[in-house]
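A.B. asks: Below are the chains, spelled out letter by letter.
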Amino acid sequence: MLEEARSRWHPIAAAHDLPFRHVFHGQLLGREFAVWRADDGYVNIWENRCLHRGVRLSIGINDGRELKCQYHGWRYSNRTAGCTYIPAHPADAPARTITNRTFPAVERYGLVWSSEEPLGEVPDVAGLAEGKLLALRGIAVNAPADQVVERLKAYRFQPNGAIDGDAAETLIEAAQDFAVALRSRDGAAETLGVFFVQPADSNRSVIRGVLDRDAEGSAHIAVLRHHNERLSRLRDEAERDMANAPAPAPIEPVYERVSAELAEMPELTAHGRKAALRVTVARKWQTADGIAGFELRPIKGILPTFQPGAHIDVHMPNGEIRQYSITNGPGETDSFVIGVKLERDSKGGSKCMHETVREGDVLAISEPRNNFPLRRDAIKTIFVAGGIGITPLLAMAQALNNQELTHELHYFAQGEEHLAFADRLRALGDALKPHLGFSPDETGAELRRVLTGYRNGMHLYICGPGPMLEAARKIAAEQGWPDSAVHFEYFKNTNKIDDSSSFEVALARSCVTLQVPAGKTILQVMRESGIDVPSSCEQGACGTCMATVIEGEPDHQDVYLNDAERKAGTKIMTCVSRAKSARLVLDI
Amino acid sequence: MAARCVDRELLNDWHIVADRESLTRDTPFPTRLLGVDLVISKRSSRVEVVRADTGAALKTAERYGFIWACLDKPWRDIVYIPEANEADRHLVSGGSIAVKVSGLRAVENFLDMGHFPFVHTGWLGEEPHTEVAPYNVEITAQDEVLATECKFYQPVASPTAREGSVVDYIYKVIRPYTVALYKSNPVQKHRLDVITLFVQPVDEENCIAHPFLCYLKDGIEAATVRSFMQLIFAQDKPILENQVPKRLPLDPRAETPIRADAVSVSYRRWLRDRAVTYGAIPAQN
Chain A
1 MLEEARSRWH PIAAAHDLPF RHVFHGQLLG REFAVWRADD GYVNIWENRC
51 LHRGVRLSIG INDGRELKCQ YHGWRYSNRT AGCTYIPAHP ADAPARTITN
101 RTFPAVERYG LVWSSEEPLG EVPDVAGLAE GKLLALRGIA VNAPADQVVE
151 RLKAYRFQPN GAIDGDAAET LIEAAQDFAV ALRSRDGAAE TLGVFFVQPA
201 DSNRSVIRGV LDRDAEGSAH IAVLRHHNER LSRLRDEAER DMANAPAPAP
251 IEPVYERVSA ELAEMPELTA HGRKAALRVT VARKWQTADG IAGFELRPIK
301 GILPTFQPGA HIDVHMPNGE IRQYSITNGP GETDSFVIGV KLERDSKGGS
351 KCMHETVREG DVLAISEPRN NFPLRRDAIK TIFVAGGIGI TPLLAMAQAL
401 NNQELTHELH YFAQGEEHLA FADRLRALGD ALKPHLGFSP DETGAELRRV
451 LTGYRNGMHL YICGPGPMLE AARKIAAEQG WPDSAVHFEY FKNTNKIDDS
501 SSFEVALARS CVTLQVPAGK TILQVMRESG IDVPSSCEQG ACGTCMATVI
551 EGEPDHQDVY LNDAERKAGT KIMTCVSRAK SARLVLDI
Chain B
1 MAARCVDREL LNDWHIVADR ESLTRDTPFP TRLLGVDLVI SKRSSRVEVV
51 RADTGAALKT AERYGFIWAC LDKPWRDIVY IPEANEADRH LVSGGSIAVK
101 VSGLRAVENF LDMGHFPFVH TGWLGEEPHT EVAPYNVEIT AQDEVLATEC
151 KFYQPVASPT AREGSVVDYI YKVIRPYTVA LYKSNPVQKH RLDVITLFVQ
201 PVDEENCIAH PFLCYLKDGI EAATVRSFMQ LIFAQDKPIL ENQVPKRLPL
251 DPRAETPIRA DAVSVSYRRW LRDRAVTYGA IPAQN
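Here the protein sequences line up with chains A and B, keeping their order.
Numbering of the first sequence is given in UniProt numbering, commencing with residue 1 and proceeding in unit increments.
Numbering of the second sequence is given in UniProt numbering, commencing with residue 1 and proceeding in unit increments.
Wrong hints could be hidden among the right ones.
Heads up, incomplete: computed chain A residues facing chain B, CB under 8 Å, no partners named [unchecked claim]:
(1) Asn48
(2) Gln70
(3) Arg257
(4) Ala378
(5) Ile379
Simulated crosslink set (DSS-like; lysine-lysine; CA at most 27 Å straight-line) [claimed, not checked]:
(6) B:Lys73 / B:Lys172
(7) A:Lys580 / A:Lys496
(8) A:Lys571 / A:Lys474
(9) A:Lys68 / B:Lys100
(10) A:Lys520 / A:Lys580
(11) B:Lys151 / A:Lys380
(12) B:Lys237 / A:Lys68
(13) A:Lys520 / A:Lys347
(14) A:Lys496 / A:Lys433
(15) B:Lys151 / A:Lys68
(16) A:Lys474 / A:Lys492
(17) B:Lys217 / B:Lys189
If you're looking for bench data, these hints aren't it; they were derived computationally from the structure.
Cβ atoms here follow ideal geometry from the backbone N, Cα and C, with glycine treated the same way.
Please model the complete structure; the sequences and the hints are all you need to start from.
C.D. replies: Below is the structure:
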C-alpha cells in the first residue's frame with residue numbers, strides 16, 4: 001500500500017502550520033520536508049537537507065524571500081530552491097545548478113498537500129466546499145496509516161451546533177485507504193468531518209481532520225477542544241495496541257545525488273549563446289521618462305535561480321540580442337523584471353522593445369548569468385548608479401537591504417521623472433541617495449564627496465554610462481580605493497575594436513591550435529571549430545566569454561576587466577580581445 | 001544502530017572510553033564503544049574495562065587524564081601529544097559530550113572554518129566576515145591529513161581576547177576519529193595552543209567527544225579554558241544532531257563541496273582510501 005501511496009497526494013501540514021516566517025518540519029513516507037511560506041504567499045516544500053552538508057533546513061531561517069541554512073549561511077531562493085549565495089566565497093556567484101529538491105505544493109481544504117511522484121490532481125472531496133471549513137489540529141500517532149484509518153471508522157463526535165450534547169449519531173459516508181468521511185447528526189445539528197491520514201512513516205501517521213463548517217468565537221474553541229480530546233484518546237488507544245506488536249522498520253528515504261560537476265568544485269557550466277527559456281510579457285509599463293519596465297513570466301514551469309547582478313539575453317522579434325539586468329529582489333522568483341531605456345541612436349534593440357513588444361508577447365531569453373557578483377562580506381557597500389545603470393545595482397541593494405547589511409545607493413539621474421522603479425526604490429528607505437540634475441563637473445564633485453573615507457573592507461559597485469563610469473573609477477582610485485574593492489559593469493563597449501591582427505591560439509585542454517585571421521574574433525574561430533564557448537554580449541562588456549590565459553600576451557579591447565586584471569594578463573574576453581604575441585595559449 | 005564494526009583500523013586501535021574524573025569508586029560506569037557495551041570499574045587504584053556481553057576484560061590504559069581501551073590487540077600506541085609534556089601548559093578536558101551523530105561528522109565539523117560566523121556568532125566568527133581564504137592541504141609522511149595557512153577573522157578568538165583578530169590555524173587529522181587543531185596563542189604569538197579532539201565512536205550514529213586542551217598558562221585559568229571549550233561545543237551540538245543522514249557519506253556526489261571544504265574533501269577521500277566504513281556511508285561505484 002505504501003508503494004502505491006507515493007503517487008498520491010497527501011496532506012503534510014495545515015495551512016495554519018505555516019505562520020509568518022516560520023519553517024515547518026513535515027514528513028511523508030519517511031521523507032522529511034522543510035515547508036515554508038514566503039512573504040509573497042508561495043508555499044515551498046523542499047527536501048529537508050541543505051545540499052552542502054545535509055543539515056536540516058527546517059532549523060533554518062525564513063527571511064520571507066529566502067531560506068538560510070544555519071550551518072554555513074547558504075541561501076536558497078523562494079520557489080526555485082536554487083542557491084543564491086555562499087558566504088565562504090563572497091566574490092563568486094554560486095553555480096546555478098546548486099538547487100535543492102522541491103516537491104509540489106497545493107493548498108486545499110485548509111491543508112497543504114504534496115506527493116513524491118503525483119499522478120493526477122489533489123482529490124475532490126464531496127461536501128467540502130472551499131471557504132468556510134475548519135481544519136483541526138494535526139494529531140500524530142505512532143501507528144501505521146491503515147490501522148489509524150480503521151480506528152477512524154469508529155470515531156464518534158458531536159456536530160458543531162450541539163458540541164455539548166452526547167446524543168449524536170455518526171455515520172460513515174465514505175472510506176478510502178487514507179481518508180474517512182463521517183457525518184454526525186444530533187437533532188437539527190449536523191457536521192461532516194473528513195479525516196485524512198498522512199502516512200508520515202511506516203509506523204507514524206498524522207490525522208488531519210477538516211470539518212465542513214467553522215464556528216465563531218468560543219464555539220470555535222469548543223469544537224477544536226472536542227476533537228482534540230477525542231482524537232487524542234483515539235491516538236492513545238492505537239499506540240497502546242501497537243506497543244505489543246513489533247514496529248515496522250522506518251522507511252529509508254533515498255536522497256538524490258548531486259550532479260557530477262558539483263561533486264568536484266562548482267563552476268558555471270558552458271552554454272553557448274542560447275535562449276532556452278520562453279517567457280510572456282505579463283506587464284509593460286513606463287517606469288520613468290524614456291524607460292520601459294517589463295515583467296517576464298515563464299510560459300511553463302518556473303524560472304531558474306538568479307543572483308543579484310545577473311543579466312539575461314533577450315532575443316527580440318527582429319533578431320537582435322540584448323542584455324538586460326534583472327532588477328528583482330531576493331526571492332521574487334515568479335517573474336523577471338527588467339528595465340529598458342530607449343536609446344536615441346538605437347540600432348534596433350531598445351527601439352524594438354519599446355515600440356514592437358507588447359503585453360502578451362512571447363520572448364526567448366537565456367538563463368540568467370552572473371558576471372557581476374555581489375559580495376556580502378563588506379563592512380559597507382556603496383552603489384553608484386548612473387541612469388539606467390540602476391538595474392543591476394537595484395537588485396543588489398534589495399539583497400543587502402533584506403539581510404540588513406550596511407549600504408548606500410547613490411542614484412545619479414537628470415531629474416525626478418528619470419528615476420526608474422520608484423516602488424522598489426522606496427522600499428530601500430534612507431539607503432537611497434538620489435543626485436538629480438547634475439552637470440558632469442558637478443557629478444565629479446559629488447562623487448568625490450561620496451567616495452571619501454574608504455576603509456579596508458568596503459566595496460564599491462558602479463554601473464552607468466561610459467564617461468560617468470570612467471570618472472567614478474578614476475575618483476575612487478584617487479581616494480584610495482584599491483582595484484579589488486571596485487566592481488563595475490559597462491552597458492556596452494565603446495572602444496573602437498581593432499581586429500587587424502592575426503595570430504595563433506592554442507587551446508590547452510581541447511588540444512587544438514587555431515589560426516585567428518584579421519577580421520575574425522577568437523570566439524568565432526573557436527565556434528567554427530566546434531568548440532562551444534559561452535557568450536552573451538559579444539562586445540567585451542559582460543564577461544561571459546572570459547577565458548584563462550596560460551601563455552602569451554593578450555591585447556585587451558574589452559571593458560570588463562579592471563586595470564590590475566589587465567596588467568596580470570591571465571584573463572581574456574574572447575569575443576573582442578586579441579593577442580600582442582604571435583601565440584596565445586588558453587585554458588579551454 | 002547495532003551494526004558490527006569490521007574495520008581493523010578501529011578494532012585494533014585505542015579509544016577513549018571515559019574521562020578519569022567521571023569514575024567514582026565502587027559505582028560501575030557503563031559506556032559503549034563501536035557498538036559494544038562496556039562496563040568500567042575502579043577498584044583501589046586499578047581501572048578495569050569489561051565487555052557487558054562476554055564479561056571479557058579489555059586491554060586498558062590511562063593517559064592525558066582519560067581511560068583508554070582497545071577491543072582487540074592494539075596495533076599502535078595511543079596518539080602522542082608532545083605539548084602535553086610542557087610544564088607551562090594547562091592540560092584540561094573540555095568535558096565528555098555525547099552527540100547523536102556519527103563521530104566522523106564531528107571530526108569534519110572540527111575541521112571546518114566556514115561555519116564560525118553562523119554557529120559561533122560573536123565568538124569564533126561574525127558576519128559579514130565570512131570568507132574562507134584558500135589554504136593548503138596535504139597528506140603527511142605519517143599519513144595524516146594536514147591543513148596549513150588557515151586564517152579566519154574572529155571577534156573573540158580565545159577566552160582572554162579583548163578585540164577581534166585574524167587567527168592562524170593548523171588542522172591535523174591524526175586517526176579516523178582523532179583530530180587536532182593548533183591556534184596561535186594571543187600572548188606568546190610564536191607558540192600554539194593545541195586542542196586534540198578524541199572522538200569515542202559509541203556506535204555508527206552516536207559519539208562522545210572528548211576534547212583535550214593543552215593551553216599556555218600565560219594569563220589564563222584552567223577553568224576558563226574548559227568553559228570556553230564547552231561554550232563552543234554546545235553551539236556545535238544542535239547543528240551536528242540535525243545532519244541528515246547521521247553517518248558521513250563518502251560518495252563525492254552525496255553532498256556539495258566548495259573550495260572552503262578542501263580539508264574535508266581530503267578527509268573523506270583519506271577515509272575511503274583506508275577503507276574506514278564504521279560511521280560512514282560507503283561510496284557507490
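A.B. asks: Now tell me, hint by hint, if it's right for this structure.
C.D. replies: Taking the hints in turn, this is what the structure says about them:
1. Asn48: holds (7 Å)
2. Gln70: This interface hint holds because 6 Å falls under the 8 Å limit.
3. Arg257: holds (4 Å)
4. Ala378: Constraint on Ala378 of chain A satisfied, holds at 6 Å.
5. Ile379: holds (7 Å)
6. B:Lys73 / B:Lys172: Holds: Lys73 of chain B and Lys172 of chain B sit about 25 Å apart, inside 27 Å.
7. A:Lys580 / A:Lys496: Holds, at about 17 Å.
8. A:Lys571 / A:Lys474: holds (22 Å)
9. A:Lys68 / B:Lys100: Between Lys68 of chain A and Lys100 of chain B the Cα gap is close to 23 Å, so the pair holds against 27 Å.
10. A:Lys520 / A:Lys580: holds (15 Å)
11. B:Lys151 / A:Lys380: Answer holds: Lys151 of chain B to Lys380 of chain A is near 22 Å, not above 27 Å.
12. B:Lys237 / A:Lys68: Between Lys237 of chain B and Lys68 of chain A the Cα gap is close to 19 Å, so the pair holds against 27 Å.
13. A:Lys520 / A:Lys347: Given that 27 Å is the threshold and the Cα spacing comes to 22 Å, the pair holds.
14. A:Lys496 / A:Lys433: violated (34 Å)
15. B:Lys151 / A:Lys68: holds (24 Å)
16. A:Lys474 / A:Lys492: Since the Cα atoms of Lys474 of chain A and Lys492 of chain A sit roughly 19 Å apart, the hinted pair holds (cutoff 27 Å).
17. B:Lys217 / B:Lys189: holds (14 Å)
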